[in-house]
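*Asks:* Input sequences plus hints: build the corresponding full structure.
There are 2 protein chains.
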Amino acid sequence: MTPVPSTLERARQIVEPEIEAAVTSLCPELIHPVRYHFGWEEVDGSPSLAKSGKGLRPALAVLSAEAVGAPAATGALGAVAVELIHNFSLIHDDIIDGDTKRRHRATVWKAFSVDDAVISGDALHTLAFQVLLEEPSSEKVEAASRLAKATTLMLAGQAADMAFNNQPVVTFEDCVSMEAGKTGALLGCAASIGAVLSRAQEAQIVALDNYGQKLGIAFQAVDDILGIWGNPEITGKPAGNDLRERKKSMPVAFTLSLKSSESEELEAMYAASNDLNELEIKKAMQLIEEAGGRERTQDEAQTQLKGALEALHSAEFHQRPLEELKEIAIFVRERDH
Amino acid sequence: MTPVPSTLERARQIVEPEIEAAVTSLCPELIHPVRYHFGWEEVDGSPSLAKSGKGLRPALAVLSAEAVGAPAATGALGAVAVELIHNFSLIHDDIIDGDTKRRHRATVWKAFSVDDAVISGDALHTLAFQVLLEEPSSEKVEAASRLAKATTLMLAGQAADMAFNNQPVVTFEDCVSMEAGKTGALLGCAASIGAVLSRAQEAQIVALDNYGQKLGIAFQAVDDILGIWGNPEITGKPAGNDLRERKKSMPVAFTLSLKSSESEELEAMYAASNDLNELEIKKAMQLIEEAGGRERTQDEAQTQLKGALEALHSAEFHQRPLEELKEIAIFVRERDH
Numbered sequence: 246m247t248p249v250p251s252t253l254e255r256a257r258q259i260v261e262p263e264i265e266a267a268v269t270s271l272c273p274e275l276i277h278p279v280r281y282h283f284g285w286e287e288v289d290g291s292p293s294l295a296k297s298g299k300g301l302r303p304a305l306a307v308l309s310a311e312a313v314g315a316p317a318a319t320g321a322l323g324a325v326a327v328e329l330i331h332n333f334s335l336i337h338d339d340i341i342d343g344d345t346k347r348r349h350r351a352t353v354w355k356a357f358s359v360d361d362a363v364i365s366g367d368a369l370h371t372l373a374f375q376v377l378l379e380e381p382s383s384e385k386v387e388a389a390s391r392l393a394k395a396t397t398l399m400l401a402g403q404a405a406d407m408a409f410n411n412q413p414v415v416t417f418e419d420c421v422s423m424e425a426g427k428t429g430a431l432l433g434c435a436a437s438i439g440a441v442l443s444r445a446q447e448a449q450i451v452a453l454d455n456y457g458q459k460l461g462i463a464f465q466a467v468d469d470i471l472g473i474w475g476n477p478e479i480t481g482k483p484a485g486n487d488l489r490e491r492k493k494s495m496p497v498a499f500t501l502s503l504k505s506s507e508s509e510e511l512e513a514m515y516a517a518s519n520d521l522n523e524l525e526i527k528k529a530m531q532l533i534e535e536a537g538g539r540e541r542t543q544d545e546a547q548t549q550l551k552g553a554l555e556a557l558h559s560a561e562f563h564q565r566p567l568e569e570l571k572e573i574a575i576f577v578r579e580r581d582h
Numbered sequence: 246m247t248p249v250p251s252t253l254e255r256a257r258q259i260v261e262p263e264i265e266a267a268v269t270s271l272c273p274e275l276i277h278p279v280r281y282h283f284g285w286e287e288v289d290g291s292p293s294l295a296k297s298g299k300g301l302r303p304a305l306a307v308l309s310a311e312a313v314g315a316p317a318a319t320g321a322l323g324a325v326a327v328e329l330i331h332n333f334s335l336i337h338d339d340i341i342d343g344d345t346k347r348r349h350r351a352t353v354w355k356a357f358s359v360d361d362a363v364i365s366g367d368a369l370h371t372l373a374f375q376v377l378l379e380e381p382s383s384e385k386v387e388a389a390s391r392l393a394k395a396t397t398l399m400l401a402g403q404a405a406d407m408a409f410n411n412q413p414v415v416t417f418e419d420c421v422s423m424e425a426g427k428t429g430a431l432l433g434c435a436a437s438i439g440a441v442l443s444r445a446q447e448a449q450i451v452a453l454d455n456y457g458q459k460l461g462i463a464f465q466a467v468d469d470i471l472g473i474w475g476n477p478e479i480t481g482k483p484a485g486n487d488l489r490e491r492k493k494s495m496p497v498a499f500t501l502s503l504k505s506s507e508s509e510e511l512e513a514m515y516a517a518s519n520d521l522n523e524l525e526i527k528k529a530m531q532l533i534e535e536a537g538g539r540e541r542t543q544d545e546a547q548t549q550l551k552g553a554l555e556a557l558h559s560a561e562f563h564q565r566p567l568e569e570l571k572e573i574a575i576f577v578r579e580r581d582h
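So the sequence lines, in the order shown, correspond to chains A and B. So in the numbering used here, spot 41 of the first sequence is number 286, and the numbers just go up one at a time. So in the numbering used here, spot 190 of the second sequence is number 435, and the numbers just go up one at a time.
Quick caveat, the hints were computed from the structure, so don't treat them as lab data. Heads up, a few of these hints could be off.
Unchecked claim - Lysine to any residue pairs mimicking SDA-like chemistry, simulated, CA-CA at most 25 Å apart: (1) A:K355 - B:K296; (2) B:K394 - A:S270; (3) A:K385 - B:E387; (4) B:K394 - A:E380; (5) A:K346 - A:K394; (6) B:K394 - A:E274; (7) A:K394 - B:K296; (8) A:K355 - B:S358; (9) A:K394 - B:E380; (10) B:K394 - A:K355; (11) B:K296 - B:A408; (12) B:K394 - A:H277.
Said to hold, decoys possible - Partial chain A-side listing against chain B, Cβ under 7 Å, derived: (13) P248; (14) F374; (15) A393; (16) A408.
The beta-carbon is built from N, C-alpha and C at its ideal position, and this holds for glycine as well.
*Replies:* Laid out in structure tokens, this is it:
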């Protein structure tokens with residue numbers, strides 16, 4: 246496995262206790278499914294040893310404060326708010342996508358019920374704004390306003406993604422634009438919210454937001470590659486999983502948009518109603534690879550990461566956190582899980 | 246039908262175009278189910294002649310600005326934000342309660358899909374905070390902060406209501422406290438948000454918030470009576486509907502909490518797994534009436550309304566809007582739909 250930058254773990258240790266504290270303000274009925282979702286307890290209420298997510302957003306929020314010369318703690322509140330939004334969207338997305346597993350555990354709707362998942366997500370959604378607004382200052386209000394905009398873009402991306410299911414052909418550009426909303430907007434917010442809370446210069450905030458947005462698209466491009474060609478032992482998902490679910494991810498969209506024999510064959514497989522067997526999945530992987538879908542997606546990841554790193558050069562930042570932001574960008578490209 | 250105060254229609258004409266304008270900022274995929282929900286178009290996208298809700302919250306928000314001497318327009322932004330939260334919760338509640346009809350039309354999850362309903366609700370939820378925060382001022386921030394708190398209480402009330410299904414006995418007080426969250430908190434916010442946006446005195450804001458909270462509980466108590474004994478031709482729901490759905494509403498909770506033969510008989514009916522037939526529903530109505538559940542709920546509505554009106558006397562308000570707030574309280578008690 247590609248090693249995860251230590252800065253992610255450092256940020257988690259600062260931010261996670263604050264998320265845990267914020268969650269205790271929820272009503273008793275909702276605390277339990279929410280704590281389960283975060284991997285802090287099991288369905289029966291016992292403590293959990295589950296692994297949490299990579300913690301990319303908390304790290305970006307904390308580093309964005311440090312990058313403009315503020316202490317990590319200044320970014321932590323922003324990290325909490327962004328993580329609450331991110332996790333509300335995960336809980337609701339799992340309902341929408343019908344996903345039964347997340348990080349090797351049953352999703353909230355599967356472990357509890359769709360009803361519990363709807364309302365637990367709603368509660369985290371509100372809580373994100375509440376933590377920023379309960380003792381408001383001009384910078385917290387600015388952070389909340391940006392978070393609301395990013396959340397609207399994220400939901401628009403998710404709605405576009407849902408609409409892809411009913412569109413026979415989705416272009417590569419449609420995919421990138423959908424991911425700019427679904428993943429890029431909130432990552433841009435995460436990567437700048439610490440700077441916003443530190444009353445940084447506008448140029449610094451814009452640079453960090455751009456960095457985060459592009460990092461988000463690159464992250465998703467790599468995700469789309471891992472979703473087809475990832476090592477099942479490392480990703481925890483069977484090979485070709487996105488194809489089995491007939492997801493119109495970037496490599497697939499690229500291939501489908503070509504007017505070639507490969508695209509026609511893949512289109513027919515995607516249009517059929519039967520479950521794809523292992524042989525068909527291998528065939529689809531090969532078709533996409535030959536059509537250049539994998540390479541185009543890798544190029545996109547590379548281009549977006551280059552843009553992300555260039556964005557960091559458009560303003561002045563403190564050296565150590567700047568290096569760590571760059572290290573995160575490299576990790577996003579190199580990661581295998 | 247009990248006539249609806251003309252102030253509700255006046256507020257609707259001010260507020261509805263502003264909600265419609267706010268909704269146009271959503272992404273194309275979400276505008277359609279949201280416009281359907283508001284009764285502005287049909288599933289096929291054609292204009293709708295559907296009736297919208299009573300518009301209680303917009304009226305309260307507008308009157309709360311006028312009551313402290315500000316123009317109606319000052320309250321309108323608050324009305325938009327509260328209505329967006331209220332409607333997000335309706336869309337999600339209909340999923341949770343499995344309700345297929347709202348205002349004589351299919352609910353969003355039924356007409357579109359659960360997925361569309363989840364994400365459309367989410368989009369309205371975010372939009373509520375976005376409209377208050379996009380050009381922030383100290384009073385808009387205060388309004389957003391109060392709205393977040395009220396939404397958290399509303400969701401806690403909804404979660405408590407869901408938990409009632411798994412509790413064999415729910416007390417009358419449990420019910421009132423659940424409704425104080427589920428309905429009271431947002432009505433308190435609606436009835437004070439116009440005053441908050443008008444930078445009113447703290448005593449005025451507190452008085453209006455108390456009025457709205459108590460009005461909300463009274464509204465729900467009347468709803469619980471109509472849900473059992475309402476005239477089907479006026480309510481649009483079959484007689485005894487809440488009993489058919491085995492809802493633990495106030496009259497039922499009162500009866501179940503008594504240690505009497507009536508409570509035992511009703512408890513057995515609620516514990517059985519068969520669909521209740523017409524004869525059983527009539528029997529349940531009679532049991533609850535004889536046990537005093539209807540009277541106790543009517544008394545509660547009366548007590549809460551008295552408290553609501555008293556709250557209005559704890560601060561100074563402008564005469565005409567004050568009279569209209571009182572008129573709304575009378576309507577809430579007298580209404581038959």
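*Asks:* Run every hint past the structure and note whether it holds.
*Replies:* Checked hints:
For the hint pairing A:K355 with B:K296, the CA-to-CA distance comes to about 37 Å; that exceeds 25 Å, so the pair is violated. A C-alpha spacing of about 11 Å is found between B:K394 and A:S270, which places the hinted pair at or below 25 Å, so the restraint holds. Straight-line distance between C-alpha atoms of A:K385 and B:E387 comes to about 13 Å, which keeps the hinted pair within the 25 Å bound. Restraint check: the Cα-Cα separation between B:K394 and A:E380 comes to about 12 Å, which is no more than 25 Å; the hinted pair holds.
Taking the CA atoms of A:K346 and A:K394, the gap is near 29 Å; set against the 25 Å cutoff, the hint is violated. Distance hint between B:K394 and A:E274 is fulfilled; the C-alpha atoms sit about 17 Å from each other, no more than 25 Å. For the suggested pair A:K394 and B:K296, the alpha carbons sit about 31 Å apart, so the restraint of at most 25 Å is broken. Between A:K355 and B:S358, the direct Cα distance comes to roughly 18 Å. Compliance with the 25 Å bound is thereby established for this hinted pair.
Of the supplied pair hints, the one linking A:K394 and B:E380 holds, its CA atoms being roughly 12 Å apart against a limit of 25 Å. Simply put, B:K394 and A:K355 have alpha-carbon atoms about 29 Å apart, too far for the 25 Å limit, and the pair is violated. This hinted pair does not check out: B:K296 and B:A408 have alpha carbons roughly 32 Å apart, beyond 25 Å. A distance of roughly 20 Å separates the Cα atoms of B:K394 and A:H277; the hinted pair therefore holds under the 25 Å criterion.
A hinted interface residue such as A:P248 counts as satisfied when its beta carbon comes closer than 7 Å to some beta carbon of chain B; here the least separation is about 35 Å, so the hint is violated. Nearest Cβ of chain B to the Cβ of A:F374: about 5 Å, under the 7 Å cut. The hint holds. At a threshold of 7 Å, the smallest CB-CB gap from A:A393 to chain B is about 4 Å, leaving the interface hint in force. Interface hint at A:A408: satisfied, since its Cβ lies 5 Å from the closest Cβ of chain B, which is below the 7 Å cut-off.
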